[in-house]
Amino acid sequence: MTYPIIKIEGVRHAYQTPAGPLPVLDGLELTVDEGGFVAVVGPSGCGKSTLTRLVAGLMKPDAGTVMLHGETVTGPRATVGMAFQNPVLLEWRTILENIMLPLEIVATKMSKSEQKERANYLLELVGLEGFGDKRPSELSGGMRQRASLCRSLVHKPEVLILDEPFGALDAFTREDLWQTMHKVKAEEPFTGVLITHDLRESIFLADQVVVLSQRPARTQYVLDVPDTGPRDLDHLYTSEASEMLAILRHQIEVAQGRAAA
Amino acid sequence: MAYVPDIKPRSTGGSITKFLTSRAVLAPIIAMVVFVLFWEFLVWVNDWPDYVMASPSDLPAAFSKYWGLFVTFGWQTLWRTVVGLVLAVIVGLLLGMVMGFSRLMRDALYPLLVGFNAIPKATVVPIVALLFVGAHDFNTVLIAFMISFFPIAVSVSIGLSTLEPEYRDILRALGASQATIFWKIALPKTLPEFFGALKVAVTLAFIGTNLMEIVSPHGRGLGALFDSGKTNSDYPLMFAVLIALAILGIVLYYVVVALEKIFAGWADRQPG
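Chains E and W supply the protein sequences, listed in that same order. Each residue of the first sequence is one higher than the one before, counting from 1 in the working numbering. Each residue of the second sequence is one higher than the one before, counting from 1 in the working numbering.
Bound-form chain W, shown alone (with noise of 0.2 Å):
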């Protein structure tokens, strides 16, 4: 297995009203109240009707009255996104240790890969559509996972392709097999590499999720509720949607901070 280093807590004490009200906590509530209210006040003084934009103060009953749907469809968004990413991450990890360890297979796949992360993957939403029509979760899952994994892969294969010959040859020298090599050594290395990737890879497979959820027929998720939006003129409940995909998008991205922490907290140095 991989080494999992004990966490131990940078400070103790501290209740949660400390931390509620600690800078980390404050600093961004007070930058999103700032930016909602700035947001209203646009709307108010250009006198924008609903159609051309909603303003903040009528997301509430927007939510409310759909608050069952953003339920259900935030859930299937989030659980297809998920499923997506860790289907990225295995691929991902997979693909970046063939090229990581083998010269010949970085040559041979790099240009595939990158002509392949090239195409705009809006481009392959109608064609994996049609190719396997009805199938609306495998659809979902796919595309998250395709417009996702390039990025571990690339950063995995750098990580492990670059790990200096000494760090191998300490373990090498007492004959250690290449997998002990690669779990105590490579990986725990390429970690720092992995969750920067991951972070970017995160927000690509939502956006993913819901350009697939947009696009087809009868869909699900959040992508389909906008969709009903916009062919149901309900200018709120667009924007609402907008702003449910960036909560759950900010959520997501947190969790991974959070693992990072956990995993490879360890390359986080305090300066000074």
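So here's chain E without its partners, still in its complex pose (with noise of 0.2 Å):
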């Protein structure tokens, strides 16, 4: 029996800019159940962000309802993880400390061992082992958006956003964070959402692909990835996996307007 995690119904949001209301979200749908991996992708400037903002309960929707295990998003809340294209690490932390910082929040009654436990076995899962004393000046992009990934995570959360995570990295290092998620979705159990540009990266790791129209966003597409689950990258090469880009590829055209449905 699976259980939706996240739920968006009917979403609308429109910023208030100088020039009048800009819609972003018009009629947004998305399921997650538990345990879910949902890409997002769509043209840029859709919206895609806003719609992370609106899980984390960082705003509300003008319209709409978003909701994390049956109850409505009201305001932000501790067991939501996120982890965005810029890795946002504090230059005068260590990365052992910068890993811990959500703790500080979040589990103040964890004890300063516990958490410098829990941070490192994370920072050894990702492949970071030894770099826990390092300042983030010290490492590479790469590394940086590891340390990230494993500050999103430490304090468990049941609900994990990551906007664009891999954006900024080279296709190599990227492949190389694209295994280790599948590492980390094995050993630390989440429920997701991964916005991203790049559709060989959804269908490698989610198992749910939700293509967004041009903006003001509503669902346009959703495709299922049947194989889920921990994956190689030769499985990107596949005649399957070309059909699913095929396909991807063709209803992002179609949400540019350069192709019909």
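Every clue listed holds true.
Cut-off 30 Å, straight-line C-alpha distance, at most; resulting in silico cross-link-like pairs (DSSO-like, lysine-lysine):
#  : chain 1 : residue 1 : chain 2 : residue 2
1  : E       : 134       : W       : 189
2  : E       : 112       : W       : 261
3  : E       : 60        : E       : 7
4  : W       : 261       : W       : 189
5  : W       : 189       : E       : 60
6  : W       : 189       : E       : 156
7  : E       : 109       : W       : 189
8  : W       : 261       : E       : 116
9  : E       : 116       : E       : 185
10 : E       : 112       : W       : 189
11 : E       : 185       : E       : 7
12 : E       : 116       : E       : 183
13 : E       : 183       : E       : 112
14 : E       : 109       : E       : 183
15 : E       : 183       : E       : 156
16 : W       : 199       : W       : 18
17 : E       : 116       : W       : 189
18 : E       : 134       : E       : 185
19 : E       : 156       : E       : 7
20 : W       : 121       : W       : 230
21 : E       : 60        : E       : 185
22 : E       : 156       : E       : 60
23 : E       : 134       : E       : 156
24 : E       : 7         : E       : 183
25 : W       : 261       : E       : 134
26 : W       : 230       : W       : 65
27 : E       : 109       : E       : 185
From chain E, some residues computed to sit far from chain W (all C-beta separations above 12 Å):
#  : residue
28 : 112
29 : 118
30 : 143
Hints were generated in silico from the structure; no laboratory data involved. Quick reminder that beta carbons are idealized off the backbone N, C-alpha and C, glycines included.
Hey, can you piece these two chains together into the complex? The hints should help.
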């Protein structure tokens, strides 16, 4: 029995600008079941980041509902973890102290040594063992993103929101991190939403891909990825993967208004 | 509390003699010696009398003659400057926070602050001296404060208002309070800008103190000593005061640099 953890229904939202309201979301539907991992793709500027802020409770929609665990989201909650394209590590803290930051907010009863143990366990999981005492400036872009991922997971969030976390990395580093993501998901189960521009990334990591339309965004197309769970990079070169990519590519062109549905 | 990182020395080992013969110490000392020699030479070659320009060789006599006064007055100048600066840090931080977090307050207060800062403080000195006549310490501290809080307020407000939203979001998404976000993220992130402004403010506060000490009748501090040198046509004393002021200024500046190393040393990246 699957149980929806994230449920977004009929969400509409507009930003107030000096030139009048700018609608960004109009009729957004999204459901993520427990343990599910949904990738959201769409043309740039279509409101994908707005979606993450709604799920995180950082803002409220003009209309429609955003529900986590069957409860309407009214504000931030400690059961959410976030990672962005910019790893936003605090330069004055070591990597380990950066990862422990959420625990200082939501797990104040946890002892320092338990916090350290938890952070070190995650560092090892993402392949950064031994880097806990380094400063962020001493790490490469891919390593910083791994550390950022650890921070988003350290408080065992039920919901993980990834807003283009691999977008600024080079292709090989990105593929390494995809594989790390599978390892992480196996060891530290979460329900996740991944915002991305990379169609290969979406079918490699997620078990469902949602295509949003041009702004104001609505849910345009939903693709179920048949193979879930850890997979190999070779998987991306199968005919099955090519077919999925072709479908998604076509849907993006439809969203951009460059092809007919 | 703000987060204070552990300080680890960059290079280990090295005795005191090694430090004293290092480039960082020798280079400025050599530069100073060259400067003093050039000054002495300039006075000698032009055959300037004392009342045009005292030469460095006149100074030791002036210092030893008034050594007691230099110590007491130097201390007065020092503590007034430091108290004025501490007030400037407190008020500058508060103003910077108000302007950094509220767009409305920034729009409202900026022109007022810029206008206030544009007024030459030398013109304010006689007004303050008359307003609180006789209150030497208070007046001096007030001027030191007034002249130095502006750069601190501006840098803190800019540091806070340019904080990338993601930095706020990583804590806000967990339900952290504004105060927590300020202590854990906004304040430490603003520290490099704050110390940059403090380096400017420390010299300004020092100038403010001396302005008041020179103008104020029966004043105290090195400014008053300078003024008495002027009254008594003791030109070597006047130049000796200038040198003492320069030395105090250097000491104050490097105290700020040391504090910066402790609290914002993480922002200092070694090239390469």
